[in-house]
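According to numbering that gives the first Met the number 0, the residues represented by the sequence shown are 0 to 162, in order.
Take the hints with a grain of salt, since some may be wrong.
Said to hold, decoys possible - Label-pair ranges, simulated between beta-carbon atoms: (1) D100 x P137: 23 to 29 Å; (2) K41 x Q62: 19 to 25 Å; (3) R118 x D91: 53 to 59 Å.
Unchecked claim - Under the rule of at most 25 Å between Cα atoms (straight-line distance), these lysine-lysine pairs were calculated in the BS3-like manner: (4) K82 x K98; (5) K98 x K84; (6) K82 x K41; (7) K41 x K84; (8) K108 x K84; (9) K108 x K98.
Because the hints were derived from the structure by calculation, they are not lab data.
Just so it is clear, CB atoms sit at the ideal spot from N, CA and C, and this is done for glycine as well.
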Amino acid sequence: MTIRPRARLIQSASLLLLLFLMAGCGATRPTGRWIANSDVLKTFRSGTILPHHTYYYTGSPVQPDAIIAIDDSFHLRTKVWSKVKITRELLDRWMFWAKTDLSLTCPYKAGVILTPDGRQAGVWFSRFTFNTIRTPQPGVIEVYLPFSPGNTNCGRYNYHDQR
0 MTIRPRARLI QSASLLLLLF LMAGCGATRP TGRWIANSDV LKTFRSGTIL PHHTYYYTGS
60 PVQPDAIIAI DDSFHLRTKV WSKVKITREL LDRWMFWAKT DLSLTCPYKA GVILTPDGRQ
120 AGVWFSRFTF NTIRTPQPGV IEVYLPFSPG NTNCGRYNYH DQR
């Protein structure tokens, strides 16, 4: 049984496409971690401002969706986080709003931000418990927009519902 030239071409192209897809999946950069930690939650709730950290938020400046504090030894490369000059009063106001949100499905949590090599680059506070952390070069960190699993939007406006 012989394979016609056109069938061989389709078979070869399919194999080549499969190889490219497999290579693309395996070529991802290592990512850091966004891990929950109850001690960090206590630090945020107490209004403690970490020295040698720069604070950022995403969402509303009155009631942010998430807050991060990045160690000053790192530069945050971002298009989604807004830098803020943190004060005790501002942090207390943010924590007040977080305490008034009594969501059972999306409670506020906090934790540490780890680089791919395991160094602590900062801390986070949010209802969104998943994130992608990258370090594209030494001393530079990228913290993506945090999210929740499945269909839970935790109060974030869902643009897909606009039709």
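Now the hints, each set against the structure:
In this structure the hint that D100 and P137 lie 23 to 29 Å apart at CB is violated, the actual value being about 38 Å. Taken as a hint, the range 19 to 25 Å holds for the pair K41 and Q62, whose Cβ atoms sit roughly 21 Å apart. Separated by about 29 Å at the C-beta atoms, R118 and D91 break the suggested range of 53 to 59 Å. For the suggested pair K82 and K98, the alpha carbons sit about 23 Å apart, so the restraint of at most 25 Å is met.
Of the supplied pair hints, the one linking K98 and K84 holds, its CA atoms being roughly 22 Å apart against a limit of 25 Å. For the hint pairing K82 with K41, the CA-to-CA distance comes to about 22 Å; that is within 25 Å, so the pair holds. A distance of roughly 21 Å separates the Cα atoms of K41 and K84; the hinted pair therefore holds under the 25 Å criterion. The hinted pair formed by K108 and K84 meets the criterion: a straight-line CA distance of about 22 Å does not exceed 25 Å.
Our distance criterion of 25 Å between C-alpha atoms is met by K108 and K98, whose separation comes to about 11 Å.
The earlier numbered hints that this structure contradicts are 1 and 3.
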